[in-house]
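**Student:** Top to bottom, those sequences are chains A and B.
Per numbering that gives the first Met the number 0, the first sequence runs over residues 0 to 121.
Per numbering that gives the first Met the number 0, the second sequence runs over residues 0 to 121.
In short, the hints are calculated from the structure, not lab data.
Hints may be right or wrong, so weigh each one.
These stretches of chain A come out as covered by chain B in the derived footprint (C-beta under 8 angstroms, 3 or more residues) [said to hold, decoys possible]:
(1) 13-22
(2) 39-48
(3) 60-70
(4) 80-92
(5) 96-106
(6) 111-119
Model, not experiment: these values are computed from the prediction.
Where a beta carbon is used, it is the ideal one built from N, C-alpha and C, also for glycine.
2 protein chains.
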Amino acid sequence: MIIKGGNIHIMFSKKYDEVKLEDVKEDGAKNVKIQWLIDEKVGKTFAMRRFVVARGGHTPLHHHDWEHGVFVLAGEGALVDKDGNEHPLKPGYFAFVEPNEIHQFVNKGEEDFIFLCVIPLP
Amino acid sequence: MIIKGGNIHIMFSKKYDEVKLEDVKEDGAKNVKIQWLIDEKVGKTFAMRRFVVARGGHTPLHHHDWEHGVFVLAGEGALVDKDGNEHPLKPGYFAFVEPNEIHQFVNKGEEDFIFLCVIPLP
Numbered sequence: 000m001i002i003k004g005g006n007i008h009i010m011f012s013k014k015y016d017e018v019k020l021e022d023v024k025e026d027g028a029k030n031v032k033i034q035w036l037i038d039e040k041v042g043k044t045f046a047m048r049r050f051v052v053a054r055g056g057h058t059p060l061h062h063h064d065w066e067h068g069v070f071v072l073a074g075e076g077a078l079v080d081k082d083g084n085e086h087p088l089k090p091g092y093f094a095f096v097e098p099n100e101i102h103q104f105v106n107k108g109e110e111d112f113i114f115l116c117v118i119p120l121p
Numbered sequence: 000m001i002i003k004g005g006n007i008h009i010m011f012s013k014k015y016d017e018v019k020l021e022d023v024k025e026d027g028a029k030n031v032k033i034q035w036l037i038d039e040k041v042g043k044t045f046a047m048r049r050f051v052v053a054r055g056g057h058t059p060l061h062h063h064d065w066e067h068g069v070f071v072l073a074g075e076g077a078l079v080d081k082d083g084n085e086h087p088l089k090p091g092y093f094a095f096v097e098p099n100e101i102h103q104f105v106n107k108g109e110e111d112f113i114f115l116c117v118i119p120l121p
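Isolated chain A, as found in the complex (with noise of 0.2 angstroms):
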């Protein structure tokens, strides 16, 4: 058993829909929510989080100096550049973000599109 934080916990498993799924506040997000399924309670080196976009919504256009792994689970997006060049973005695809990219996730579908993003943690 492993004591970090003030948490006790070892291995686990757990359904995506047993963590709280919360709006994103950020300025130019709309329509986006967030659950952070393993986050800085749990892991070491990294957080993994499923964002959830609604239908017409996108996550803010901006930066910073950390990387994006993304690994879509439903329905249909794009990761956009700073130029407007459209990624595609569709369950089974996987994207990457540089550190210090201009980016942003956008919905271009009817259904919501859900996908994991995968940070480094400080």
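Based on these hints, arrange chain B on the given structure of chain A.
**Tutor:** Chain B in isolation, oriented as in the chain A frame:
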């Protein structure tokens, strides 16, 4: 455009089947294949692999000093601990394995058991 390790790349998206599916030849592995979706040539701090464990297959019962973040895409399996306890793994389930925990992924169903597994890069 960012240059790393001799490769030039910027953000991208790809479908998983564009990546080579390789046999896992480690001792104790049976009917396991791996795709390195995000490997050390692309990732800065983490790698994302897609595992396909065929019927009757399993990964080695082993341990190592890095953690696993797992998300199940298809099939039915279990994450087994040092005492033989089984944590269920089905589509939509995620799992975490602490550094140095003895663990094994086992296909418990009739179909391919498929999951993503994220690890830190050195």
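**Student:** Look at each hint and say if it fits the structure.
**Tutor:** Going through the hints against the structure:
{"no.": "1", "hint": "13-22", "in the structure": "holds (count 4)"}
{"no.": "2", "hint": "39-48", "in the structure": "holds (count 6)"}
{"no.": "3", "hint": "60-70", "in the structure": "holds (count 5)"}
{"no.": "4", "hint": "80-92", "in the structure": "holds (count 7)"}
{"no.": "5", "hint": "96-106", "in the structure": "holds (count 5)"}
{"no.": "6", "hint": "111-119", "in the structure": "holds (count 3)"}
Taken one by one, the earlier hints all hold for this structure without exception.
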